[in-house]
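Asker: Starting from the structure of chain F, add chain C where the hints point.
Number of protein chains: 2
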Amino acid sequence: MSKGVISKDEDYSQWFNDLVIKSDMAEYSPVRGCMIIKPYGYSIWEKIQAVLDGMFKDTGHSNAYFPLLIPKSFFSKEASHVDGFAKECAVVTHYRLKNDGEGNIIVDEEAKLEEELIIRPTSETIIWNTYKGWIQSYRDLPILVNQWANVMRWEMRTRLFLRTSEFLWQEGHTAHATADEAIAETEQMLNVYADFAENWMALPVVKGRKTANERFAGALDTYCIEALMQDGKALQAGTSHFLGQNFAKAFDVKFTNKENKIEHVWATSWGVSTRLIGALIMAHSDDAGLVLPPKLAPIQVVVVPIYKHQEELDNISAYVDSLKKELKAKGISVKFDNRDTHRPGSKFAEYELKGVPLRVAIGSRDMQNGTVELARRDTKTKETTAQEGLAGKIESLLEEIQNNIYKKAFDFRAENTTEVDTWDEFKRMLDEEPGFISAHWDGTSETEQKIKEETKATIRCIPLDNKQEEGKCILTGKPSTQRVLFARAY
Amino acid sequence: MSKGVISKDEDYSQWFNDLVIKSDMAEYSPVRGCMIIKPYGYSIWEKIQAVLDGMFKDTGHSNAYFPLLIPKSFFSKEASHVDGFAKECAVVTHYRLKNDGEGNIIVDEEAKLEEELIIRPTSETIIWNTYKGWIQSYRDLPILVNQWANVMRWEMRTRLFLRTSEFLWQEGHTAHATADEAIAETEQMLNVYADFAENWMALPVVKGRKTANERFAGALDTYCIEALMQDGKALQAGTSHFLGQNFAKAFDVKFTNKENKIEHVWATSWGVSTRLIGALIMAHSDDAGLVLPPKLAPIQVVVVPIYKHQEELDNISAYVDSLKKELKAKGISVKFDNRDTHRPGSKFAEYELKGVPLRVAIGSRDMQNGTVELARRDTKTKETTAQEGLAGKIESLLEEIQNNIYKKAFDFRAENTTEVDTWDEFKRMLDEEPGFISAHWDGTSETEQKIKEETKATIRCIPLDNKQEEGKCILTGKPSTQRVLFARAY
Chain F
0 MSKGVISKDE DYSQWFNDLV IKSDMAEYSP VRGCMIIKPY GYSIWEKIQA VLDGMFKDTG
60 HSNAYFPLLI PKSFFSKEAS HVDGFAKECA VVTHYRLKND GEGNIIVDEE AKLEEELIIR
120 PTSETIIWNT YKGWIQSYRD LPILVNQWAN VMRWEMRTRL FLRTSEFLWQ EGHTAHATAD
180 EAIAETEQML NVYADFAENW MALPVVKGRK TANERFAGAL DTYCIEALMQ DGKALQAGTS
240 HFLGQNFAKA FDVKFTNKEN KIEHVWATSW GVSTRLIGAL IMAHSDDAGL VLPPKLAPIQ
300 VVVVPIYKHQ EELDNISAYV DSLKKELKAK GISVKFDNRD THRPGSKFAE YELKGVPLRV
360 AIGSRDMQNG TVELARRDTK TKETTAQEGL AGKIESLLEE IQNNIYKKAF DFRAENTTEV
420 DTWDEFKRML DEEPGFISAH WDGTSETEQK IKEETKATIR CIPLDNKQEE GKCILTGKPS
480 TQRVLFARAY
Chain C
0 MSKGVISKDE DYSQWFNDLV IKSDMAEYSP VRGCMIIKPY GYSIWEKIQA VLDGMFKDTG
60 HSNAYFPLLI PKSFFSKEAS HVDGFAKECA VVTHYRLKND GEGNIIVDEE AKLEEELIIR
120 PTSETIIWNT YKGWIQSYRD LPILVNQWAN VMRWEMRTRL FLRTSEFLWQ EGHTAHATAD
180 EAIAETEQML NVYADFAENW MALPVVKGRK TANERFAGAL DTYCIEALMQ DGKALQAGTS
240 HFLGQNFAKA FDVKFTNKEN KIEHVWATSW GVSTRLIGAL IMAHSDDAGL VLPPKLAPIQ
300 VVVVPIYKHQ EELDNISAYV DSLKKELKAK GISVKFDNRD THRPGSKFAE YELKGVPLRV
360 AIGSRDMQNG TVELARRDTK TKETTAQEGL AGKIESLLEE IQNNIYKKAF DFRAENTTEV
420 DTWDEFKRML DEEPGFISAH WDGTSETEQK IKEETKATIR CIPLDNKQEE GKCILTGKPS
480 TQRVLFARAY
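Same order as they appear, the protein sequences are chains F and C. Going by numbering that gives the first Met the number 0, the first residue of the first sequence is number 0, and it counts up by one from there. Going by numbering that gives the first Met the number 0, the first residue of the second sequence is number 0, and it counts up by one from there.
In isolation and in its complexed conformation, chain F is listed as follows:
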């Protein structure tokens, strides 16, 4: 167990918090529920951004930027939307401070806004108000726009990365001529998210649709990817919404179609946030610290020299320089930690805590023998290996680590996904062996709500690849045609 980090079996929630803080990822700020993303944490966000941004562009999207502040009246135009977000909005009411004459800085009541402005919790309203000016004809469609931005939802119970009042995210907002095209876009972006989660984050996800209860406020259909954390709780890692014509109607966005008829435009929106970093940590890490998949690790390889005398270090450094060059040529990020203020053991602990996938240690004996010591973070195994061909070996090891981390998470999920057919077993599983529970449900919001009230478990999704199967609702015994995925969730 790493210094200052509690064991995850003892207190999972505290373990997560300790990890985030001790690994220098993030910390709370003095502003309620807002976090400071420190350079190490932010560099993971930069990697996530770079990969996703490339995927968005490859699927034809461009970035744009819309205002932070939304007039209250816009925000209220789509009824279910405002119901969903009004309870957690930061409201700007004034635009000036002043000195009260006694040296106190106070709000200047003369600078009160005529209409209050809301800090965006999401941007559908301001964007659809804008699209009204961009769209006249089918020739103006589709509009495929994404925005990287900060958003704010005033949260009472917050948790670093997973639920903070301000967070960073991307929000795609697209406009289409037909429902089919919008649905295809919604599904395409869900697949992009799933691809990213599995192939970059090493995080297996279930693709599915939300029930009406769990839908985005204003959507006709919400698709999601759901992942399982090591404590058996689910985490929604991304959502993609088919918004139908709701926002087009609220903002009067119409177009002339090819048949010269006027119609409302069809919409989608889709987003992932800094929450992904929380998922990444929770899914793979252990009591010794972070375990990062190599494809998203800010430092993929760290090299630690072990020496007493300067000549020894010089000798090691000369070799490391050439190794670094070879690794960089392969696109592998490497750090040579030659600080003389820290002992090797303390460096080992630091990089273990920070989840660096591979550690290379080199001493004078290694230099004589033409070897290094290579340590894997994921398996905690060490081996002595030849300097010759090391760069190539590191390259394939990183790939192996990426695959191994995925496999471990995949196996964990398989072990913790259970088909359950009785209410007693359902409750017992949630308490004693939490995980994904695949169970029959009668399809009503009432039953879903009752299950949530009694067990805190929600329907995470109706998996897209569900097979049709006769069964009885776990709570009411009414007939059901498919299983859905339940879990307690973050």
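Check each hint, because a few of them may be wrong.
What the hints assert, rightly or not - For each label pair, taking beta carbons as the anchor points, the in silico distance ranges come out as: (1) F/Ile261 x C/Asn337: 24 to 32 Å; (2) F/Lys379 x C/Lys329: 28 to 36 Å; (3) F/Lys381 x C/Lys111: 53 to 61 Å; (4) F/Asp339 x C/Thr417: 54 to 62 Å; (5) C/Asn259 x F/Glu114: 56 to 64 Å; (6) C/Thr417 x F/Ser321: 51 to 59 Å; (7) C/Glu9 x F/Pro29: 50 to 58 Å.
To be verified - Computed, partial: chain C to chain F, Cβ under 8 Å: (8) Ile36; (9) Leu68; (10) Cys88; (11) Leu167; (12) Lys407.
As the list claims (entries may be wrong) - Derived lysine-lysine pairs resembling PhoX-like cross-links, with alpha carbons at most 25 Å apart: (13) C/Lys294 x C/Lys346; (14) C/Lys206 x C/Lys407; (15) C/Lys327 x F/Lys46; (16) F/Lys131 x C/Lys21; (17) C/Lys346 x F/Lys56.
No wet-lab data here; the hints were simulated from the structure. These figures come from a predicted structure and were not determined experimentally. A virtual CB, placed ideally from N, CA and C, is assigned to each residue, including glycine.
Answerer: This is chain C only, laid out in the frame that chain F set:
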């Protein structure tokens, strides 16, 4: 003159606004003074970000993210800082809306914040409050952090890109053990900005220091880069501040130095914003539209086919495919506009308006002759040239265009920078031949203020490369040892 764009000689300000709107760069939003950056404008910001971010990382900086909202009390801790920003702050006072029972969404007065929160106009206060927790010893220094973020300054008179209530920027905030090191950082970042302006934006800049009047609120010294726009007004394109120990003292940030003594930390901050896009447009564009330097142009080359029959287009397309491959291999961005909904002439006008540096037009006769028509946006010249070796020719032409745009701006500035020695001539020049005026000044804030009141001209900077020279103040006749740079400014 392009459709919908007024001539810049007729109304420079309107010309700029027309250009921004017609070229699809940006538009105003319904929120006072806030803008919507459209995909074409945002793609230039993405290029600016990518280049600058690389430069920041090459000089040892990392990115991080700090909260959008700053408690009012923090904001007030540094006296001159709050004086500088209090008059233009957006203030958050509530965190919830509610339905008033009659279907109106109103602010919930029960959700009033105990302490108002300010939307960051700049982040020194929240960052230095954070650094207090990060710094104990000289071993924790320097801290070299940058943030890409949105900020808000409530402006009464706004102009797209140049002055908007919300804008995007980067703000570097560094912490150092000594004043010398902090000053060296301040100067280094000024040089990074100048390098970027000149070598990427093709914008010649004067590096200098601000007078006490024009300094950043809370700085001991403000360095800046100043550029000259085509209407003879100056534009401050970037600033780098030596903050001394002001913020460290306000937030009690101390460290133990190598001699085991406790000292306050030394600070810098530096930033550039989406204003750079305004500068880019204003500096180079003409009545036909944008003129973009190739290194920042989202599309560097556009290819327009000229044809009547599908077979002709097929023939042209086959050639363009191979040309595109060659250009992409050279890192040149190219768009093949084969839309059949627009005529070639309308496409030509569109890309002229959008400032695409090079246009290639290809018809069937060209295909027979093995030629293309090549048109330069900067010089508006056309030539017929061989298809053979075209990619290489385009590559060197883009470089030539970049240099030519810079040279044009450089020559313009040289022609419009004048040494003036009398007050009458000073006033006459400002009205009749506006530009940079190099003149003697007695060094007092009073004189500077009087000149500003009488002429609206300000001291843009005291150039770093100033030679010492005896002279008399242009207004008061008092002795002066150097010329400073005056202009009316954006």
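Asker: All hints, please: hold or fail.
Answerer: Taking the hints in turn, this is what the structure says about them:
Separated by about 29 Å at the C-beta atoms, F/Ile261 and C/Asn337 satisfy the suggested range of 24 to 32 Å. At roughly 47 Å, the beta-carbon separation of F/Lys379 and C/Lys329 lies outside the given 28 to 36 Å, and the hint is violated. A beta carbon spacing of about 58 Å between F/Lys381 and C/Lys111 agrees with the range 53 to 61 Å that was offered as a hint. Between F/Asp339 and C/Thr417 the CB atoms are about 57 Å apart, so this pair conforms to the stated range of 54 to 62 Å.
At about 58 Å, the beta-carbon gap between C/Asn259 and F/Glu114 stays in the expected band of 56 to 64 Å. Take C/Thr417 and F/Ser321: their Cβ atoms lie about 57 Å apart, and the range 51 to 59 Å holds. Look at C/Glu9 against F/Pro29: about 52 Å separates their beta carbons, and that is inside 50 to 58 Å. The beta carbon of C/Ile36 comes within 4 Å of a beta carbon in chain F, closer than 8 Å, and the hint placing it at the interface holds.
Given hint, C/Leu68 at the interface with chain F, holds; its Cβ is 5 Å from that chain's nearest Cβ, closer than 8 Å. A cut of 8 Å between beta carbons decides the hint on C/Cys88: the least distance to chain F is about 5 Å, and the hint holds. For the restraint placing C/Leu167 at the interface with chain F, the shortest Cβ-Cβ distance is roughly 7 Å, inside the 8 Å limit, so the hint holds. Annotation: interface hint on C/Lys407 violated; nearest CB of chain F at approximately 30 Å, more than 8 Å.
Between the alpha carbons of C/Lys294 and C/Lys346 the distance comes to roughly 22 Å, so the proposed pair stays at or under 25 Å and holds. Between C/Lys206 and C/Lys407 the alpha-carbon distance is near 19 Å, which keeps this suggested pair within the 25 Å criterion. For a cut-off of 25 Å, the pair hint linking C/Lys327 to F/Lys46 stands: about 24 Å separates their Cα positions. In summary, the hint linking F/Lys131 to C/Lys21 is supported, as the alpha carbons are separated by about 17 Å, within the 25 Å threshold.
For the proposed pair C/Lys346 and F/Lys56, the alpha carbon gap of about 23 Å is at most 25 Å, so the pair holds.
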